[in-house]
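Quick one: dock chain against chain with the hints and give me the complex.
Same order as they appear, the protein sequences are chains P and C.
The end of the first sequence is residue 238 by numbering that gives the first Met the number 0, with every number in the run present.
The end of the second sequence is residue 310 by numbering that gives the first Met the number 0, with every number in the run present.
The reader is advised that the hints may include incorrect statements.
Claimed, not checked - Which residues of chain P face chain C? A few of them, derived with a C-beta cut under 8 angstroms, are:
| hint | residue |
| --- | --- |
| 1 | Leu95 |
| 2 | Leu103 |
| 3 | Arg111 |
Stated by the list, open to error - Label-pair distances were calculated between CB atoms; the ranges are:
| hint | chain 1 | residue 1 | chain 2 | residue 2 | range |
| --- | --- | --- | --- | --- | --- |
| 4 | C | Leu8 | P | Asp112 | 22 to 28 angstroms |
| 5 | P | Arg118 | C | Leu306 | 23 to 29 angstroms |
| 6 | P | Gly138 | C | Arg176 | 21 to 27 angstroms |
| 7 | P | Ala114 | C | Val274 | 54 to 60 angstroms |
| 8 | P | Arg118 | C | His25 | 49 to 55 angstroms |
| 9 | C | Asp199 | P | Gly128 | 29 to 35 angstroms |
Don't read these hints as lab results, they were simulated from the structure.
The C-beta atom is built at its ideal place from N, Cα and C for all residues, glycine as well.
One letter stands for each residue in the lines below.
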Amino acid sequence: MAAVTLLSTRDLCRHFGGLRAVRDVDFDLPQGEIRALIGPNGAGKTTFVSMLCGRIPASSGSITFQGQDVTHLPAHKRISLGMAYTFQITSIFGNLTVYENVALAVQHRLGRDHAALKRETLAALARVGLKARADQVAGDLAYGHQRLLEIAMGLGQEPKLLILDEPTQGLSDGEIEEFIALIREVSANTTVLLIEHNIPVVMALADTITVLNFGEIIAEGTPAEIRANTHVQEAYLGG
Amino acid sequence: MKRALPLHLGLIVLLFALQFALPAYHHGNLARIMVMATFAMGYNIMFGYTGLLSLGHAMFFAAGMYGMGLAVTQLGTPVGPAFLIGIAAAFALSLIVGLLALRTIGVAFMIVTLMFSQTLFLTILYFGSITRGDEGFGIKQATRQIMGLDLSDPTIRYFAAWLLFSLTLMGTLWLVRSPLGRVLIAIRENEERARMLGYDTWRAKLSAVLMSGTVSGAAGAAYGVLFGYVGASFAQVPYSIFPLLWVLLGGAGTVIGPLIGALFMFYLIDLSSGVTDAYMLVVGVALVLLTLFAPKGMMGMVRERWLKWLP
Numbered sequence: 000m001a002a003v004t005l006l007s008t009r010d011l012c013r014h015f016g017g018l019r020a021v022r023d024v025d026f027d028l029p030q031g032e033i034r035a036l037i038g039p040n041g042a043g044k045t046t047f048v049s050m051l052c053g054r055i056p057a058s059s060g061s062i063t064f065q066g067q068d069v070t071h072l073p074a075h076k077r078i079s080l081g082m083a084y085t086f087q088i089t090s091i092f093g094n095l096t097v098y099e100n101v102a103l104a105v106q107h108r109l110g111r112d113h114a115a116l117k118r119e120t121l122a123a124l125a126r127v128g129l130k131a132r133a134d135q136v137a138g139d140l141a142y143g144h145q146r147l148l149e150i151a152m153g154l155g156q157e158p159k160l161l162i163l164d165e166p167t168q169g170l171s172d173g174e175i176e177e178f179i180a181l182i183r184e185v186s187a188n189t190t191v192l193l194i195e196h197n198i199p200v201v202m203a204l205a206d207t208i209t210v211l212n213f214g215e216i217i218a219e220g221t222p223a224e225i226r227a228n229t230h231v232q233e234a235y236l237g238g
Numbered sequence: 000m001k002r003a004l005p006l007h008l009g010l011i012v013l014l015f016a017l018q019f020a021l022p023a024y025h026h027g028n029l030a031r032i033m034v035m036a037t038f039a040m041g042y043n044i045m046f047g048y049t050g051l052l053s054l055g056h057a058m059f060f061a062a063g064m065y066g067m068g069l070a071v072t073q074l075g076t077p078v079g080p081a082f083l084i085g086i087a088a089a090f091a092l093s094l095i096v097g098l099l100a101l102r103t104i105g106v107a108f109m110i111v112t113l114m115f116s117q118t119l120f121l122t123i124l125y126f127g128s129i130t131r132g133d134e135g136f137g138i139k140q141a142t143r144q145i146m147g148l149d150l151s152d153p154t155i156r157y158f159a160a161w162l163l164f165s166l167t168l169m170g171t172l173w174l175v176r177s178p179l180g181r182v183l184i185a186i187r188e189n190e191e192r193a194r195m196l197g198y199d200t201w202r203a204k205l206s207a208v209l210m211s212g213t214v215s216g217a218a219g220a221a222y223g224v225l226f227g228y229v230g231a232s233f234a235q236v237p238y239s240i241f242p243l244l245w246v247l248l249g250g251a252g253t254v255i256g257p258l259i260g261a262l263f264m265f266y267l268i269d270l271s272s273g274v275t276d277a278y279m280l281v282v283g284v285a286l287v288l289l290t291l292f293a294p295k296g297m298m299g300m301v302r303e304r305w306l307k308w309l310p
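Chain C with its partners taken away, still in its complex shape (with noise of 0.2 angstroms):
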């Protein structure tokens, strides 16, 4: 903790001083970036700690999105309160997939997951009357507003998406040195050896999926709310392989690591597409790379190599 504190702070405040120094451009970016590396946060708590491989997060994203978002159009809510809602649907949703997915374990548990995920995907085109299908819908500018702050502002915006990420990041770290999460690593490491030392390995599964399940939907409320739409590609199969992507590359199991992937992934489509339109090639090979030299992800590498002590 003496040094894991200080950097993760640091890097805390790195990112809170960078919104004064950025061009419009990536101030926009980086804000977008810091909410979907909490969606990646949330994804890690599940794979890179607990070792549970969920190929369907979309669903936990889409229903903090989607809770957020039918309760400002159809109640009338405010976003506050509505951040909340779309909170408390990727719990509830987060409860339920978890007791029915943790009966099974490996390739099934996958399978399970996406098959959930399709099935939200498919329920939200289902009610287009109420979701608007495929094509969505917006949150009014006017009522994107917390305690008189215009959630729509920039600063504002990046300020928010800061919190959140910040919060992520400081409670991911504490949950990994807690007694808790040393158990959720034992999991991953040798789940039969953990139960044999005594530990309800299936209740403490359950509490990682609530954990992951809430804070990915906690992203996808806070994504509606920041930029101001709720759409169903969220709820699709890209939105499960991502957090997937982000924390492999940013490093399964290490706190920063899925700031790293989202950003690293992020600039790489950004500016190899600036450069041809054969841009995801160039994403496909830096990846093939970085599966070949760095297959523990960026900073499972920098562990691996130089920071033993890396949470």
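For reference, chain P alone in the conformation it holds in the complex (with noise of 0.2 angstroms):
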């Protein structure tokens, strides 16, 4: 089965003033696909997916999403169109619950629907295991549940593309268990592209990982093939 390809970018750049965060990126995910993109502090993986996403806007370079050209789209329509975001930086709404938080991810696919709304959302609360905390002020849950109400908010979206901007971080080793298993289940319907730190997270979700160095993609292959790259091991992995 010949893999259609959900999103590309062709060139993609983006400048800060002098510095040059991303260059000129040729990246290719398969819809189906379970990529993980890794590289050192500062290599631009944030950069990179706040593009493809529109969170920000690409200085040069094409974005492709199911075959349309979204590179000039606003946030909010390239959402509509099927991607959703996880913040790296916890970015919730602290002063709702978490059942508001997540059925605001809902209410934007099902719209005037209450009953699905109901469903839809306590399901997606029940997946990352905070379906007993939905009462709870957002604001005032643990840091890992906050990460974990980040996912289910993604979860929520029913997306085509889910990016996850290290969602590991800060999660138990228990938790993080979960949340590998939550993954390979969703990712039976989603393309998951996953920035992520911890390297046994990313050697068993991940099909193909990209790894980005200086704004560049310096390698991409399978987890075997990139922990033989030496190129690699030099940037990332310390030699």
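Set out below in structure tokens:
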């Protein structure tokens, strides 16, 4: 079965003043894959995915999602097309309840259907194990639970492409195990793009790994290939 | 909704019943307060629910008031249709101001709304030959009639103010429970996150400005009709600050907060000015105490401590 390309970029660049955070990135993400994006701090990973989902505009180059050029679409339209982005720095509605946070994610898809809204909101919460905390104020949750809430908001959108920016940061070992199982389950009908520093998580989940360094792709391949790649070891894994 | 609906309907019934119990003086006050609370509820849609702090809401109140008043005096329109013209004027102004002011955020947004409001005030003075400038103009008692009902009659005036207030209260309650209302609250809490959930936050904010400005304009038009006076003082800075104060005192982002705030402020001034000439000092101390001990306003505190479900 030939894989359909869900998302691709050509010559994608982003400058911040004189700093070239992302340079000439050609990137292809086949549908159904779990792709990990790794690289040292400051490699341009977050900048790159922020351009994908429209949080920041590209300086030059193009982004294609499901065959459509989305380079100049505002973020909310890209989200409506089926992207979801979970923030690296936890960004939730801290004064609203856990339920309301996820309901806002689900509501965009379902509109006024109250029964379905409630059902799917609770389902998304159940998947990350937060259902029992539905009525708590989100800002009162422990940090790890706030990370899980972010993921639940992503799941509630039922995206075609789920972009997770360092999702396991701050999670306990047990929660990481559950996270890995959850993402495997989600990947049955969602393409996942994962920025991750936790290498065991990457090795456990990723079909393919893309390595960024100084804003450029320096390697791409299966976990085994990346592990064997000497460039990557020099740049990132510490030789 | 199970608990919120009886509470708000109960408040409406209570206000309706009060007109039979209150002495004339308080009866008249309450009619005025209900119109001003409507103004504040309009303000609350933007400030309390969407997190947009306007310092120029007097312009919407005045747009409604002058739209109505000028239609009566210049075009000879009956007050019923003139009231609708006032609402339309406020809607048009909110559209223009929204489209321009929403290009800014935060402090710049406050300044831009303040600036537009001053512009309207100065425009009213500039066209003094029609608006009679500072002095303003009266709406003759003979013209203040809708379907044979004399709106200057205290009972009918109370009923009209009550009707406007009740419709706005129920409208606000419906709004904040609706999908759009949830999005407005999401914008207030974290606009970037709301956008990254796929919501067109700019469009949602524009609809908040439209609703807020139009409701405030309806209050202005009603004030002119019910109390028979249209004046430039209503377009000045104090009338931009009052709704902010009422909403802050009563509880920003609560449906009944604006009424509580307007009621409290009115009687605080009324009672303290009966006791001392330095009544503004009393008002000032009361405001400081409230800010210290109930920073979320009275209904905000009630919600935090007792009624978590309060919309």
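Unsatisfied constraints (hint numbers, rising): No numbers; nothing is violated.
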